[in-house]
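K.L.:
So the protein lines, in turn, are chains A and B. Add 1296 to the 1-based position in the first sequence for my numbering, that's all there is to it. Add 100 to the 1-based position in the second sequence for my numbering, that's all there is to it.
Please keep in mind that the hints were generated in silico from the structure rather than gathered at the bench. Quick caveat: nothing in here was measured; it's all calculated off a predicted structure. Be aware that one or more of the hints could be misleading.
One-sided excerpt, in silico: chain A residues whose CB lies under 10 Å from chain B [as the list claims (entries may be wrong)]: (1) 1372; (2) 1379; (3) 1386.
For glycine and all other residues, C-beta sits at the position ideal for the given N, C-alpha and C.
As a plain string of letters, each chain reads:
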Amino acid sequence: MAELDITRVDKIYHSRKGDVHAVKALDLVVKPGEIVALLGSSGCGKTSTLRMIAGFEEVSNGAITLGGKAIHALPPAARGVAMAFEAYSLYPPLTIGENMSFALKSSRLPQAEQEKRVKDMAEMLEIADILNKYPSSVSGGQQQRASLGRALVRDAGLYLLDEPMGQLEPQLRAVLRGRIKHYLREHNCTTILVTHDQTEANALADRIAVMEGGVLQQYATPAELKARPANLFTGTFIGEPPMNVFTADVSATAERVSFTVEGGTTLSYPASDMSEALRGRLAKTPRIALGIRPHALQLGEGPVKGKVTACQWLGDQTHVAVDVAGRTVVSVSQERVSRPTGSDVSLNVAARDLHLFDAASGNAIAHGGTLA
Amino acid sequence: MDHSSSLEKLLRSVAITLVLVFFLFPIVWIFLMSLQTNETILRIPPSIAFTPIIDNYTALITGQLRTAAGSLQLNFMQNMFNSVLLSVCSVALSLVLGVPAAYAFARFKFRLGEDIAFTLLSFRFAPALLVLLPLSLYFKTLGLTNTYIGLIWVYQLICLPLILWIVRGYFEDISPDIEHAYRIAGNSWWRTFTRISIPLAKPGIAAAGLLAFIFAWNNFVFALILASADKQPVTVGALAFVTASGIQYGQIAAAIIISITPTLALALYAQRYLVEGLSMGAVKG
Ligand SMILES: Nc1ncnc2c1ncn2[C@@H]1O[C@H](COP(=O)(O)OP(=O)(O)OP(=O)(O)O)[C@@H](O)[C@H]1O
Ligand SMILES: [Mg+2]
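One chain only, chain A, in its complex shape (with noise of 0.2 Å):
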């Protein structure tokens, strides 16, 4: 199993409309047997990604090479990559099962083995019992699970898969998720992954790349990415309901740091909450973006005052939206609560919760007390 490198990959795509600058100096490395997860809006340049790294696309810019071969100028014939397709693209002609063995049939592998292969990856995938069938009479999410399949029953260098489980039903994608793991972990799969599911993201993936206009914004473990947001962008876009955020003044005095809210709150904490370094930097840092995941905003005594505006227990979780002059925020809390429409409520938000990132760019300037 091969580490995949990315140098300073563009693409752009040109057409009579104009350019569409899909993907911006991308730097990239997967390492051997490693599972990266691309996260990102949609339109935001993973598709285009894969396509580069299997070939389809050249590269406008940049090198990638795989276990040490450049293989950006290649064939994709020639890169040992393998890859299912967001739109599945499986060959009409051929059955479900033919379609799978296809792949298998320039890897001069014993028939009896290509065989057997099939069938084991169609029983993990719990699609054996349409091998005979042809893909139009097929449904859509047992179509994507025969072109997952088709993609990882070859042997390949590197495992490219689009979307692989974006039309499964919940139950069938967890159960397939653990699956695919212990595959993928098994086979040493070097493996990039497409998904818009975080949950999917968080299981799979050793690490997480987010990309946004082309942009990679963040790579770093699922953990990571949660507690140490690289910007204003994977701090709202990872996490579920999303991050609250607010502008903040900054008063930074030897004894406390306080931070004052759109609407008059203030939040103000010890100054041995935070580091020294961080003290120092605030100082210079008038203004602020305050970034509070919704989990660790607490219904209870504290400085923020708002009235309730819903209150939804999720079965195991209860969202609590407030209106906090004139915003709306959102604390998440683990135990059934219930607050009355329009009643009034005091939240608090530990130092060691706060998300700071700069006002003007965006990046983060300290996680927790300490800087980023």
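Fit chain B with the ligands to the supplied structure of chain A, relying on the hints for placement.
P.N.:
Positioned in the frame of chain A, the structure of chain B with the ligands alone reads:
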């Protein structure tokens, strides 16, 4: 409900019958003519009561045309052979050139691509006669006048645009990722084109080929001007029936029946492809 649907059925059969009569009548009439002598054809008033003869067919096949003014040599079978040769070779060449070109236009966006494709289509806009006069001069200089190669070449004006545009639409309908999936599994571009793209576009290719064949078969002016009797197809050869002693209606009718047989047979055989191919590829392309 039941009542209205049976009425509907009746009306539909009536409408279909009318359409069939309208379109088949000329063919049936010609077929009847081909079994009569000139005298019975031209009698007044016309009648469909006659004793069928096959002299017209034998005259065509043996090449002996007997008229009131005497016996005349005919090379109808040579014309027939020319028609087959010219149409088959023209369509074959057009497919060899046009299918890869259609694929290129469908898949690769290159500079001037659209303009080139449109120029090829525009060959169909120009009146053939306008093209022919300058062309006949060039053909003389190049020594291509009255050669099969020269004719097959000009027939590309008919066949190539047709194949290019129909097949292109068909290729455009095939998701590129189906090809990509095959290529990434270790297959070359060419192998993917021949193993995946062409089989998937087969109905479109068959339909386009058939249409091109019919257009080539029915062409008249190119061979009239660029070739002489021994290289001319049936469309031009039929002129021989206009003789000094009158028009040989019976033989013309027999010639028509013989000459529509290949295209008709081909069209019936490929009917399924034709409908599928034209309604799917061409409309979108
Ligand atoms: N062939 C193309 N020609 C021109 N622009 C393109 C082409 N393919 C993609 N784009 C543009 O490039 C950008 C990135 O597209 P891409 O398909 O990589 O997005 P994505 O992240 O995969 O989105 P999604 O999550 O919806 O699949 C989009 O703005 C898209 O419109
Ligand atoms: Mg995509």
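K.L.:
Take the hints in turn and mark each one as holding or not.
P.N.:
Here's how the hints hold up against the structure:
1. With a cut of 10 Å, the hint placing residue 1372 of chain A at the interface with chain B holds, because the nearest CB-to-CB distance is about 5 Å.
2. For residue 1379 of chain A, the shortest C-beta to C-beta distance to chain B is roughly 6 Å, which falls under 10 Å, so the interface hint holds.
3. Because the smallest distance between the Cβ of residue 1386 of chain A and any Cβ of chain B comes to about 7 Å, under 10 Å, the interface hint for this residue holds.
The structure shown violates none of the earlier numbered hints.
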